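Engineer: Position chain B with the ligand relative to chain A; hints supplied.
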Amino acid sequence: MTSVWIMLVKKSRAILGFAAISIVAASCGTNAPQDTWQPKGPNSKIIDDLQRPVFAVAGIIGLIVAVAVIYTLIKYRDRGQPIPEQTHGKPALEITLTIIPALILAVVAVFTFGAIFKLAKTDDTEMIINVTGQQWWWEYDYPTQNEFGITQPIISSGQLVMPVGTKVLLRETSRDVIHSYWIPALNGKRDAVPGRVQTLRLEADAPGIYAGQCTEFCGLSHANMRMEAVALSKADFAKWVANQQAAYVAPAKDSLAQQGEEVFLNQCVRCHQVNGLMRADGTPAIAAPDENVWSGSAPNLTHLMSRNTFAGASFDLLSKQCRDEVWNAPSDVVGTKYLAGVTEECLNQKDLRSWLRNAPAMLPMYANATQLKATGGKYRGMPYLALTEDDISKLVAYLLTLK
Amino acid sequence: MFSTGFKYFLGVTVLSIAALIMSLFVLDQVAIAGVAISMLIVVTALLAGIAVVTRDGQTTTSTPDASNELASQSMWPLVTSIGVVLLALGLVTSSIVFFTGVIVLLAALAEWMIQSWSERASKDKNYNAAARKRVLNPIEFPVLAALGLGVVIYSFSRIMLTVNKTTGATLFIVFGALVLIAGILFAVKPELKRSLVVAICVFGAVGIFTAGVISATSGVREELVAAKAESHELPECGAERSEHFDKEATGTLSLRSSVSATIELLDGKLTAQVVGFNKPQNTVTVRRSTPTSLIFRNLDAKEYRLVAELGTRTLVEPEGATEKNLVCTQLTAQGSEQLLLLDIAKSPKAGTSYSLTVPGVEGQSIELVVP
Ligand SMILES: [Cu+2]
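So the sequences go chain by chain: A and B. Each step along the first sequence adds one to the number in my numbering, with nothing skipped, and position 166 is 400. Each step along the second sequence adds one to the number in my numbering, with nothing skipped, and position 177 is 1406.
Here chain B stands alone, though its shape is the one from the complex:
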């Protein structure tokens, strides 16, 4: 008498009512969860009503006769046991193994259950196979596709980290072109043999995967190793060029709309164009604990960088020692711009002040006011 859909929604409604009652006892801040669960109750109750009125939208149902065949061979028991082993191993080794186990186990159980259900759905084998596909393909295809793509992309990224930059660019172009060519080929020749298409795709994927494994084992390219070894925490803020920090300085900026001020160096003079002010300023307000971006625009002939001098900081090693707390842009060529991001937690100590300076340009500074 009650349709499947009705029973389902009724179940969810009852469960959510139980959840609502429980949340009253368990949660401190019921407001948001309570509203959400109440909404769920309303919606599922409504759906249950609709389901019972429309009898799940069905008037007649015809189910083929039940089957009495034996279950066929299946790989899912095997995969399930692998999942269990991974799960147990993961408990004592690492959480990655544990979660892999959980995922394998759940996936295998789902596949297994649906397979054995579908095999008994009717006497008709074709109907059974179709039933299985109808349930599982919408999940299997996207998941497998995402996994496959993930492996290909990850392998490709390993390759790009290993080869040097020019080779990297060339590879990228070649690879993109090959994908494009293959795509065009498949599109204009739909009569192409299925096995050939599969062979091309598998060949490409396996090729990239192998190259990825080889690259991953041979390590990233030298300059990345060097950059990693260099401390990123402390950029070198002097007037001279720093080996890694100033490498490949970009001359362009995005994020233009969000800056607080533009600091310009022209004819050896430093001025601040602060958003909102119509005249150049010689102080810039940086609010406490607020990320504030400044643009440094160099209009002078030499390369310069903008340095924010933010008092001193205490070092851990040697104990009690202090050093200047500096934040700076990269060296900036004439006509170029660089972004400087500041986030200052406290006002300067009494009697001191924070400022913006340009090493190599004497007597010019802009005060950073932190109210």
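The shape of chain A in the complex, shown without the other chains:
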């Protein structure tokens, strides 16, 4: 009997030790860009200031309860003793044990409501960005805001670019199913719901790239639906805005890129808009994703190479080395590195080529038109287009000009 007991104690010690080590190890993770315990802006700090004390209080209470339970289990375990006298009800004790938790919850509630109201404020907004979710990527559009030099709407995808120290308000909605926008370092989650406009405050203290993840299950590729918020210094942001508004530059005559433009006009323009791109007959090429894609939208590629990721930030446009250089750059140079965009040397050829070769092989998507009864044959992502390797090379050369 005693030997069993000793063995049990030994084992549980080992288990406890292991659990403790894993918890400590987990909290020490340094490369954890989506760590909710590392706020990088005032809004996430509001949440953090709330969750830390609540976590501590809950932890202490949890510990007390656990110790009490274990103590009772051991002290009063069955040793063949007679069953003690049974009683029922102790009003004083019961009332006390109801009032104490109620009081604790009331205090927590006061601070929680305070935080909720602070996070719901919209009257101090300095900049607006429209965010639209669809399977399985995010679109961003910036309405004209002259104070930031945005004189014509800007449209982008995958990476949200914003100025630091600026109270940005996202106006979220969705084109198909419910998604949820979450950059843990900058704020909590907010659902993007079709037909509704919901707002989310974002503000970053320092320039840098902050990773996030769609957090409302939205179909096959939900787990791949990522996003990144890129905070730039105000000067860098102005440069970014100027570049996004720059006019289209057609590729040089007789270059590979120009052949790529031709392929693009044939194959891609029915879904992807490139602002300023002209057809051979001199009319502007207007994309019609509404006729081809279930959500009615495909990423605008006008300045594709100004962003570092593609396909819902699932893949990098930068090679591993170049990407690390941007991500690990100190905050005073990260803007310059980011604004350099994707150069030919830095391009992640492998993933981009695979994407053009057969996008549905890279992400689970409903992109086989023959199996799309429910959507009337419209794709839920980018389909397989049966391009030749030659065409792919031309397209890559062309896409590289879309800075």
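Be careful, since some hints might not be right.
[Said to hold, decoys possible] Listed below are the simulated DSS-like cross-link pairs for lysine-lysine, each with C-alpha atoms no more than 25 angstroms apart in a straight line:
1) A:Lys468 - B:Lys1508
2) B:Lys1508 - A:Lys355
3) B:Lys1362 - B:Lys1422
4) A:Lys352 - B:Lys1508
5) A:Lys637 - B:Lys1575
6) A:Lys637 - A:Lys487
7) A:Lys309 - A:Lys355
8) A:Lys612 - B:Lys1578
9) A:Lys554 - A:Lys571
10) A:Lys401 - B:Lys1508
11) B:Lys1575 - A:Lys612
Just so you know, the hints here were simulated from the structure itself, not pulled from any lab data. Quantities reported herein were computed from a predicted structural model and do not represent experimental measurements.
Structural biologist: The following block gives chain B with the ligand in isolation, referenced to the frame of chain A:
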């Protein structure tokens, strides 16, 4: 040795394992189905285990002796044959008849099978009747109740579509009051004769059904016929009142929390309060292929409507002709609001733009930006 429950769950487990193996071959996207079937296998295997350990929760069973009586009369063979006929007829006529046949056939077969099983369950007739009820009543009562209610509600809706609006409201009140009175009567007088209660209910139901049939044959009221004849596709978006489109305009709105912007008309000026912006705007962004709701709030004395001018569209008839593509609210009285729902697939053609205007108010417009 093996209990009934165990055999049942074992059967389901084996079948689901077979289904899992088949799905590997047949389905392209096994992921979700595979997970679901695997879960089923785990659950049924667990239940099978529990069933065998607990012997279906039974320790002793006493079954009365088997019966050797002849089967009694039954209407189910007749109903079954009707089902078969409907099914065959449906194959050549319409799918509604076909599915009615399928349902009648299945229901009759189930009733028939359980009846003949129960009649032989034991020598004791009362036990047999109870056995039948125990199996079938949980299905029969809800289905019959739903059918009965469906007929009553459908008949009532036909009546409401036929009588004019005031009569409709009166009827609704009278009918509701009668139901309430009957309910109170049954509740406070539980000693009421069963046959009387049944008579009242049947009388009411038959009355409504008859009135429903009469209404259905005499057609819906005039204004509904007129509204149906009018094209809903093209509301009349002018400054003047349109006969049907502007009828009974509502002055209130639900859905307030989901709007993208509120467009206000005050002193002949049009402004947009866009959610998120703290200052009035003179452009509103409408994202491509995204349902976007706007509220129009009229604060001026006359009645006005908000019109979204969305370029032109090509007509089928006469070929090649175009007309303005307009979407609008109903005429809105002072202090009232109306909802305008936009869903725009493409940006405007180069050199053109989309806008919000109010007919009868000159020089005021808000640009709709579709990036
Ligand atoms: Cu999503």
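Engineer: Please go over all the hints and tell whether each is borne out by the structure.
Structural biologist: Here's how the hints hold up against the structure:
1. Between Lys468 of chain A and Lys1508 of chain B the CA atoms are separated by roughly 22 angstroms; this keeps the pair inside 25 angstroms, and the hint holds.
2. Taking the CA atoms of Lys1508 of chain B and Lys355 of chain A, the gap is near 15 angstroms; set against the 25 angstroms cutoff, the hint holds.
3. Restraint check for Lys1362 of chain B and Lys1422 of chain B: the C-alpha separation of about 24 angstroms stays at or below 25 angstroms, so the hint holds.
4. A C-alpha spacing of about 20 angstroms is found between Lys352 of chain A and Lys1508 of chain B, which places the hinted pair at or below 25 angstroms, so the restraint holds.
5. For the proposed pair Lys637 of chain A and Lys1575 of chain B, the alpha carbon gap of about 24 angstroms is at most 25 angstroms, so the pair holds.
6. Note on Lys637 of chain A and Lys487 of chain A: the hinted pairing holds, with a Cα-Cα distance of about 18 angstroms set against a maximum of 25 angstroms.
7. A threshold of 25 angstroms between alpha carbons decides the hint, and for Lys309 of chain A with Lys355 of chain A the separation of about 53 angstroms lies outside it, so the pair is violated.
8. Simply put, Lys612 of chain A and Lys1578 of chain B have alpha-carbon atoms about 24 angstroms apart, close enough for the 25 angstroms limit, and the pair holds.
9. Of the supplied pair hints, the one linking Lys554 of chain A and Lys571 of chain A holds, its CA atoms being roughly 14 angstroms apart against a limit of 25 angstroms.
10. For the hint linking Lys401 of chain A to Lys1508 of chain B, the alpha-carbon distance of about 15 angstroms falls within 25 angstroms, and the restraint holds.
11. Of the pairs offered as hints, the one joining Lys1575 of chain B and Lys612 of chain A holds, with about 17 angstroms between alpha carbons and a cut-off of 25 angstroms not exceeded.
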